[in-house]
Every structure is written in C-alpha cells, then in structure tokens.
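Here the structure of chain Y is known, so what remains is to put chain B in place on it, guided by the hints.
If you're matching them up, the sequences are chains Y and B in order. The letter at position 129 of the first sequence is residue 129 when you use our numbering, and the numbering goes up by one with no holes. The letter at position 230 of the second sequence is residue 230 when you use our numbering, and the numbering goes up by one with no holes.
Calculated from the structure, these hints are not laboratory results. For clarity, every value in this text was computed on a predicted model and none was experimentally measured. Backbone N, C-alpha and C define an ideal beta-carbon position, used for all residues, glycine too. A couple of the hints might just be wrong.
Far from chain Y by the CB rule (all over 12 Å, computed), these chain B residues [to be verified]: (1) V74; (2) Q131; (3) D138; (4) R157; (5) E221; (6) L258; (7) R261; (8) S294; (9) H301; (10) G305; (11) F308.
Calculated pairs, BS3-like style, for lysine-lysine (alpha carbon to alpha carbon, straight line, at most 25 Å) [stated by the list, open to error]: (12) Y/K191 - B/K190; (13) Y/K188 - B/K52; (14) B/K172 - B/K193; (15) B/K190 - Y/K31.
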Amino acid sequence: MEYVSPEGLRLDGRRPMEMRQIRGEIGAVAKADGSAVFEMGNTKVIAAVYGPREVQNRSQQMNDQALVRCEYSMANFSTGDRMRKPKGDRRSTEISLVIRQTMEACILTHLLPRSQIDIFVQVLQADGGTRSACINAATLALADAGIPMRDLVTSCSAGYLNSTALLDLNYVEDSAGGPDVTVGFLPKLDKVTLLQMDAKLPLDIFENVMQLATEGCKAVANYIREILLENTKQLESRRGL
Amino acid sequence: MRGLQIPLNQTQKVRLQRALEKLESLSSKANSNASVTVADSIPVNYEDGILKGHGTSEFNGEITATICGIVERVNKLVYVRTLRARYKPEVGDIIVGRVIEVAPKRWRLDINSSQDAVLMLSSMNLPDGIQRRRTAVDELNMRSIFEENDVVCAEIRGLQHDGLQLQARSQKYGKLERGQLLTISPYLVKKRKQHFHHLDQYGIDLIIGRNGFIWVGEHIEARDDMVEEQVHKSEQHTTKFDITSASLEEQERTYTSLETRQNICRIANAVRVLSTLGFIISVEKILDTVSLSSSLNLGIHEMLGSEFYVLVAEKEAVQRSLTKEKR
Numbered sequence: 001m002e003y004v005s006p007e008g009l010r011l012d013g014r015r016p017m018e019m020r021q022i023r024g025e026i027g028a029v030a031k032a033d034g035s036a037v038f039e040m041g042n043t044k045v046i047a048a049v050y051g052p053r054e055v056q057n058r059s060q061q062m063n064d065q066a067l068v069r070c071e072y073s074m075a076n077f078s079t080g081d082r083m084r085k086p087k088g089d090r091r092s093t094e095i096s097l098v099i100r101q102t103m104e105a106c107i108l109t110h111l112l113p114r115s116q117i118d119i120f121v122q123v124l125q126a127d128g129g130t131r132s133a134c135i136n137a138a139t140l141a142l143a144d145a146g147i148p149m150r151d152l153v154t155s156c157s158a159g160y161l162n163s164t165a166l167l168d169l170n171y172v173e174d175s176a177g178g179p180d181v182t183v184g185f186l187p188k189l190d191k192v193t194l195l196q197m198d199a200k201l202p203l204d205i206f207e208n209v210m211q212l213a214t215e216g217c218k219a220v221a222n223y224i225r226e227i228l229l230e231n232t233k234q235l236e237s238r239r240g241l
Numbered sequence: 001m002r003g004l005q006i007p008l009n010q011t012q013k014v015r016l017q018r019a020l021e022k023l024e025s026l027s028s029k030a031n032s033n034a035s036v037t038v039a040d041s042i043p044v045n046y047e048d049g050i051l052k053g054h055g056t057s058e059f060n061g062e063i064t065a066t067i068c069g070i071v072e073r074v075n076k077l078v079y080v081r082t083l084r085a086r087y088k089p090e091v092g093d094i095i096v097g098r099v100i101e102v103a104p105k106r107w108r109l110d111i112n113s114s115q116d117a118v119l120m121l122s123s124m125n126l127p128d129g130i131q132r133r134r135t136a137v138d139e140l141n142m143r144s145i146f147e148e149n150d151v152v153c154a155e156i157r158g159l160q161h162d163g164l165q166l167q168a169r170s171q172k173y174g175k176l177e178r179g180q181l182l183t184i185s186p187y188l189v190k191k192r193k194q195h196f197h198h199l200d201q202y203g204i205d206l207i208i209g210r211n212g213f214i215w216v217g218e219h220i221e222a223r224d225d226m227v228e229e230q231v232h233k234s235e236q237h238t239t240k241f242d243i244t245s246a247s248l249e250e251q252e253r254t255y256t257s258l259e260t261r262q263n264i265c266r267i268a269n270a271v272r273v274l275s276t277l278g279f280i281i282s283v284e285k286i287l288d289t290v291s292l293s294s295s296l297n298l299g300i301h302e303m304l305g306s307e308f309y310v311l312v313a314e315k316e317a318v319q320r321s322l323t324k325e326k327r
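Chain Y extracted, bound-state conformation (with noise of 0.2 Å):
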C-alpha cells in the first residue's frame, strides 16, 4: 500500500515531517490534584493526578522518595470495533509500565518521601500514538498538581514507510506494521527517557528517524509550556494580593 504518495503527502494530506494538530487543557478532572487533556489529532486522552499522598499499602511505602503509579487503559468506546477484555490485558499493563518509568524518571521523587503519587490516564479516542499522548497528558497533569519535576518530559513517535521518514503516526500508519520509534524527551537536560522500536530498522535510518521523533517531541514541549505559563498566570492574576 502507498503511504506517502509521489507529491510528497501522506494518507491524512501530512506532508512527512508533519505533526498532527495538538491541543492540551488542564483542569479536566475537578476532583483531582491535577488533571489533563491532551490531544493530537484524532487521539484524545485524559490523565488525572492525585497526591502526593500518604502511602495506600503500607509495605510498599518508601523513606527516602516517593511512590509513582500510573494506570493505563482504552475507554471502551475509544476505538471501532468492541474490545474483548478492556481491563489487565498485556498491552495495558505494558503501557502502564512504561509511563510510570518515563514519568518516574523525571519527577524529583526524594522530595516527597513516604508518598505516593497515581497517575491515571485514560484513552478517549485512539487514533495512533496513544502512548505519546499519555505522556504528554501526564507531563500537564503532574505540572499542574505542583509536583516537583526534573524537566518536561514530552513524547512523539516517528516510522518508516515507503523509504521515508514520517513524523507522529496515525492509526492506518501504525498498522501498517513498518517501524514505529516512540521516544520521550527531556528538552532542557537533553535526555532521552523513553525509546521503543517494534521493528528493526538499518542504523543510518533509525538515527535520522529518532532525530525526526526527537524534533516533534521538542515542539510539543514548546507547546505544554505555553500551556502551563498561561494557566500560572491566570491564577495568579485571580487570586490578587
């Protein structure tokens, strides 16, 4: 099948080094201490942050740094077709796994010792990427519950197809079974904290996909943090002296 087709566009009329458009919001969640929604394209997730609060089970309780967990799941209406189990399957957890490790990695976690901090994030619509949307949700639900964190960690992902490189796929693109790198990016410490590949892919190439995936993720990092600086301003203009 054709992917990028000889003018140089993709399925959804992309050109190959484009993102698709991103929208964030914060305060999705009233009830929690922080909360998000985040959306690239058609892919839509909610993230919402409590704590850090005491310790819910108590052998699990930490005295030098802070508990993170984070729960990962597909609303059942998120996609097309009906999902068989839409709870505990493997590719949940996995996904659960990995954003607690990215966001784990750059929360100061000994600052908050013998807490815990959930993240809970949930995908609305999917569309490809969720993972990076859950990431980039979860980075405006922790900033916005005022958790001490190292830098922003955003996330883009980049394929391979028909020989070219292409920036934040979609679904028909993600399914198409060729490369998919999904990176998370510490802008200012320039860090890589997250890096999956289901495919293999020559060296030369997967250097200039990473780089591509890279470039996206600083762009949505660009973006979070107009978003956060617009919201501090705003309540601090409310709040008043």
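What follows is chain B alone, placed relative to chain Y:
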C-alpha cells in the same frame, strides 16, 4: 476555563470575560515575568551566593524551576511559590482535618498534605480539662473524644521523624460540630494573624484552615473549663438526680435554629463562589460576598447560579482597581 463549569448566556459570558481580563491586566503590571513553568531558568543577574529555595534546582550553573509558580525573592533567597499544590505544613499553622483512623494513643487525620497528620492523645487537652498523665482508661475512651470521620481543628506542632505531629492544647481546638466543611485549594488561603473568626451578626464560627479546609459552623461559646470546674462540681450533685431533664437539655443544646443553618449555607456558598473563581479567601471577602448576595435579595441556592458568579467577578475587578489607584 479551569473549574468554571456553569452555563452562561452570551451577555454573561462577555461580562465575565471582561471582568477577568481586567483582573489580569491589573496584576500583569505588578509582576510581568515572575511566573515560571517547569524547567524555566530563573534569571539571577550572576549574583554570588544566591540561595536556592523550594521549587528550584541547579542545571549548568543556572537556576531552574522545578514547579510552576511565581518566583519570589527574599534578599539572596530565590524560591518558587506554587499555586495549585497540596498543603505544605508549617509549624504553628492552624488547620482543619478529618479523622481517618483511631490508632493506639493517636488519631490519624487527613489534612490534604502529602502525608497524614498524627494527633497524639497526650498532645491534646482532655475534655475534663485536668492536666494529668494519660492512662489506659483514657486510651480506651479515645472514641468518646474523636471518632472516625469527625472534623477536628488543630495546630501543627512539628515534623517528627516519622510524620507530622499536631496538637490541640486549647479550648478553641477540638471537634467541630454542626456546620459545613469546605475544601478549597490551599494557595487561596493566606497566612493571617487570625484564622478563627466569630461572625457575631450571623452567630457563626468560621475557621479558615491553612490547609484549604474551611469550617463554617454554628457559634459555640468557648468554655474555659478551669474556671468552670468549681461550679461544675457543686452542680454535679443536683444534675445526677434528674436524668430526664438532662436529656431534654441535651436535645435543646444540639438544636440549630433555621436562621443559623441558613447563614451557614450562605457563607458556605460564598466560599464556593470565591474559590471557583480562584479569588483569594479572606474573612472580608467572604463577608462582602455574603452582603452582596443578601443586598440583592438572592436566595441561598441562587448564589451558585451563573449570574452571581459574574457579579462577584465584576465586583472584585472594581475593588482591585480602586485599591490600586489608592496606592
């Protein structure tokens, strides 16, 4: 818009937006670039001996923020003050909490912090007001003082090795009854000299806990047990005889008049409106809002309608611009 999910018609929307924009323009002149987000660098003009406070870290020789908030500078100290975060305990703060567990010799309280607080049996006054060692009998009777889910007012005593200790060594602390507990974001509460307020005209006690828990309840006369003790002893003989009259008295004591209950609801709604709009919570603000609502002859439930939100926002904008002109 954060937290504000009320149906507004077109004119209300425009008015609210205008009021909020006015507020924004008023404050933006005061501190233009003090807001930072995670990983923003904080300019320090290459001064030596800068002290890094909360919410900051060092990266490549420059100071960066680790949280979203407002940069504050006190002499050489630079720190970031968070908005929207959990309550960070400070010694001496007056807080309101909810009992979640009765443990041996201690109660554990939820105070909206990163850890539960501990109120030791030994760090609170006994109901009879006598200073003595706590015995095993006292320990067994702990549930007669506070039970699970009771709302309690206390003071932060300090951070011991394994947790947050509270104390309640005065008559003004203790169990709160007959009222409403409201939970707001702690950044909306500013530290003041007074956190207990007796609103005489409404017959209401208002406790603005530093942890964002606000108590609105019926006014209860603070009894000084030490003085009353002697009176009480002489009375004891008489009261023991007629139990029936005592229980009647008890009933009367627990009855809250309709007017008081309405006042509680009105004040509680004022706090709800202010916190949803994200305005700082102080007694003056609350009373202003209450008097605004009663001067407009609004019913208590109408205070949570969209029109009142807009009115409060507009009033706040006018008030802030006035105080600004005075300065």
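Against the structure, the hints come out as follows:
{"no.": "1", "hint": "V74", "verdict": "holds (17 Å)"}
{"no.": "2", "hint": "Q131", "verdict": "holds (32 Å)"}
{"no.": "3", "hint": "D138", "verdict": "holds (26 Å)"}
{"no.": "4", "hint": "R157", "verdict": "holds (18 Å)"}
{"no.": "5", "hint": "E221", "verdict": "holds (35 Å)"}
{"no.": "6", "hint": "L258", "verdict": "holds (31 Å)"}
{"no.": "7", "hint": "R261", "verdict": "holds (26 Å)"}
{"no.": "8", "hint": "S294", "verdict": "holds (24 Å)"}
{"no.": "9", "hint": "H301", "verdict": "holds (20 Å)"}
{"no.": "10", "hint": "G305", "verdict": "holds (18 Å)"}
{"no.": "11", "hint": "F308", "verdict": "holds (17 Å)"}
{"no.": "12", "hint": "Y/K191 - B/K190", "verdict": "violated (39 Å)"}
{"no.": "13", "hint": "Y/K188 - B/K52", "verdict": "holds (19 Å)"}
{"no.": "14", "hint": "B/K172 - B/K193", "verdict": "holds (15 Å)"}
{"no.": "15", "hint": "B/K190 - Y/K31", "verdict": "holds (22 Å)"}
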